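As you go down the protein sequences, you meet chains A and B in turn. If you read the first sequence in the numbering used here, its first letter stands for residue 43, the second for the next number, and so on. If you read the second sequence in the numbering used here, its first letter stands for residue 43, the second for the next number, and so on.
Quick caveat, the hints were computed from the structure, so don't treat them as lab data. Owing to the predicted nature of the structure, the values given are computational and were not obtained by experimental measurement. Think of the CB as a built atom: it goes at the ideal place given N, C-alpha and C, for glycine as much as any other residue.
Facing chain A, a subset of chain B residues (Cβ under 10 Å, in silico):
1) Tyr61
2) Gly64
3) Thr85
4) His116
5) Asp126
6) Ala167
2 protein chains.
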Amino acid sequence: MSVYTPVAEAELDAWLRNYSVGRLQALEPIKAGIENSNYFVTTSQGRYVLTLFERLPASELPFYLDLMAHLARHGIPCPAPIADLADQYLQRLHGKPAALVTRLSGTSIERPGERECAEVGALLARMHLAGRSYGAYLENPRGPKWWRLAAADLKPFLSGEESALLEDELAFQAQHRFPDLPRGPVHADLFRDNALFEEGRISGVIDFYFAGVDCLHYDVAVCANDWCLDANFGLEPARAGALLAAYEAVRPLTPAERAAWPVMLRAAALRFWLSRLHDFHLPRPGMLVHAHDPAHFRTILECRRAS
Amino acid sequence: MSVYTPVAEAELDAWLRNYSVGRLQALEPIKAGIENSNYFVTTSQGRYVLTLFERLPASELPFYLDLMAHLARHGIPCPAPIADLADQYLQRLHGKPAALVTRLSGTSIERPGERECAEVGALLARMHLAGRSYGAYLENPRGPKWWRLAAADLKPFLSGEESALLEDELAFQAQHRFPDLPRGPVHADLFRDNALFEEGRISGVIDFYFAGVDCLHYDVAVCANDWCLDANFGLEPARAGALLAAYEAVRPLTPAERAAWPVMLRAAALRFWLSRLHDFHLPRPGMLVHAHDPAHFRTILECRRAS
Numbered sequence: 043m044s045v046y047t048p049v050a051e052a053e054l055d056a057w058l059r060n061y062s063v064g065r066l067q068a069l070e071p072i073k074a075g076i077e078n079s080n081y082f083v084t085t086s087q088g089r090y091v092l093t094l095f096e097r098l099p100a101s102e103l104p105f106y107l108d109l110m111a112h113l114a115r116h117g118i119p120c121p122a123p124i125a126d127l128a129d130q131y132l133q134r135l136h137g138k139p140a141a142l143v144t145r146l147s148g149t150s151i152e153r154p155g156e157r158e159c160a161e162v163g164a165l166l167a168r169m170h171l172a173g174r175s176y177g178a179y180l181e182n183p184r185g186p187k188w189w190r191l192a193a194a195d196l197k198p199f200l201s202g203e204e205s206a207l208l209e210d211e212l213a214f215q216a217q218h219r220f221p222d223l224p225r226g227p228v229h230a231d232l233f234r235d236n237a238l239f240e241e242g243r244i245s246g247v248i249d250f251y252f253a254g255v256d257c258l259h260y261d262v263a264v265c266a267n268d269w270c271l272d273a274n275f276g277l278e279p280a281r282a283g284a285l286l287a288a289y290e291a292v293r294p295l296t297p298a299e300r301a302a303w304p305v306m307l308r309a310a311a312l313r314f315w316l317s318r319l320h321d322f323h324l325p326r327p328g329m330l331v332h333a334h335d336p337a338h339f340r341t342i343l344e345c346r347r348a349s
Numbered sequence: 043m044s045v046y047t048p049v050a051e052a053e054l055d056a057w058l059r060n061y062s063v064g065r066l067q068a069l070e071p072i073k074a075g076i077e078n079s080n081y082f083v084t085t086s087q088g089r090y091v092l093t094l095f096e097r098l099p100a101s102e103l104p105f106y107l108d109l110m111a112h113l114a115r116h117g118i119p120c121p122a123p124i125a126d127l128a129d130q131y132l133q134r135l136h137g138k139p140a141a142l143v144t145r146l147s148g149t150s151i152e153r154p155g156e157r158e159c160a161e162v163g164a165l166l167a168r169m170h171l172a173g174r175s176y177g178a179y180l181e182n183p184r185g186p187k188w189w190r191l192a193a194a195d196l197k198p199f200l201s202g203e204e205s206a207l208l209e210d211e212l213a214f215q216a217q218h219r220f221p222d223l224p225r226g227p228v229h230a231d232l233f234r235d236n237a238l239f240e241e242g243r244i245s246g247v248i249d250f251y252f253a254g255v256d257c258l259h260y261d262v263a264v265c266a267n268d269w270c271l272d273a274n275f276g277l278e279p280a281r282a283g284a285l286l287a288a289y290e291a292v293r294p295l296t297p298a299e300r301a302a303w304p305v306m307l308r309a310a311a312l313r314f315w316l317s318r319l320h321d322f323h324l325p326r327p328g329m330l331v332h333a334h335d336p337a338h339f340r341t342i343l344e345c346r347r348a349s
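Same shape as in the complex, but just chain A (with noise of 0.2 Å):
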């Protein structure tokens, strides 16, 4: 159960009163996410996702907040943050930092043909264009820095062949960094988990609290290690070439992007894995039950070193 932080209608129905979205009709706990505490909000006036930020620096919200909002008034399907009558976008309740955004329709789809990794792949490209014109910054949290300091955090936990293979590939990412890559705001975690699907369509993109600024290349990565997956674990070649195809029809990739892409595949791994890892061997209380097995990752990771 992924609701830290209980909330009561009567509480709820006062605290949207500093909003002009009418009365609360229905209030109902969302059991996924490990992050926040996340309740589908009905109004008299439509409906929304409140979330209660368990985790995340407050000085960082508004960096999420104000994302979301620049995408979504670039047309992008995203949950939009619902401003309060004072104008802001950052509430409290129940002593959390809180905000209310946009409901968005559809449902995530577990097993995404060409079609749908098309999809994905033009709606991460219009993102990537969408978020050009953003002017804020907050590097990648999941970046290489905090790899490095992950890795620190484990090194109890890892048997030594875990060790041996977290260090070499840290130490080969370290020599494969890439300054010069187009870099902009990145949603770093588009899994399938992550998009909705209407009708064949995305109908829109979740979850946009392990954003920030990185390259571009890198959140492409990230999906297709999610979204082409064969049965090895390695990239199926339909759908990744279908992904990568609907990506540069909008954002044609550099010649310096194509030679990367095998480094970014490995990155994109390294970082899941390792965030995995921390959350199995260092959980925080009340999230065990959606901790995911970090050896799918580690075997991705390996995989992707392989190829």
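Please build the complex by placing chain B on the supplied structure of chain A, with the hints as guidance.
Here is chain B on its own, set in the frame of chain A:
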């Protein structure tokens, strides 16, 4: 036919690359509306309305577009302008100022009942609350100053009886101004055809191009004169009561506002009688098909004066 400026599909598809909304799939002129050229635009991303501004001064357009953006991010279901890749709402197309806004779902209703009047009343109040934090200022472009200008233009075309009625009402209104009533951005044209309904709920308010800053209560009077008419042009008590009660549940009226209600209803009738006379006697080329009969609001004005 209200589309003055023709737009070709190839031209629009190229123009849309200024945005991150995907490729053009369909383009359809909108025949309603008498002030701008409007098109329904469907892209691989979603459904939009393209507006080419034919009449409004370019300097005033940011007030309207930023107001819609402000209200949309407060959760008001109004068209949300889409920012282009340079982060601007206002573009140019075919030499005209142009903007792309979201297309809302729903249809307008011709014969509202108490429930629909309550829906529009509550939404109007939420819009007024959300508008309070809007920073830009534009005087209601169809306010008292414009009444006098329009009356002067119309003088040669009016019968003696019409002139007498107009002069008398202008004199009455000049004696009854309310500088102390709550003011803010008002829609100022929220007739039935500018509201969309879906499954019995109000799903959209459209056409903000007569908006400006004025008494909030005036906006309610404009609504009531259209939504709550009985067969004799009076206000039907059940519908007017539903509209006002729903409005007051969100934003209670002050005693001064309550006292000003009969004057507001007359002001709202006068404004539309004048603009319809103006469109009738001094039409712009191409707009005749949609010119409304001025007699309708003359009768409403006479009815409000008598009651």
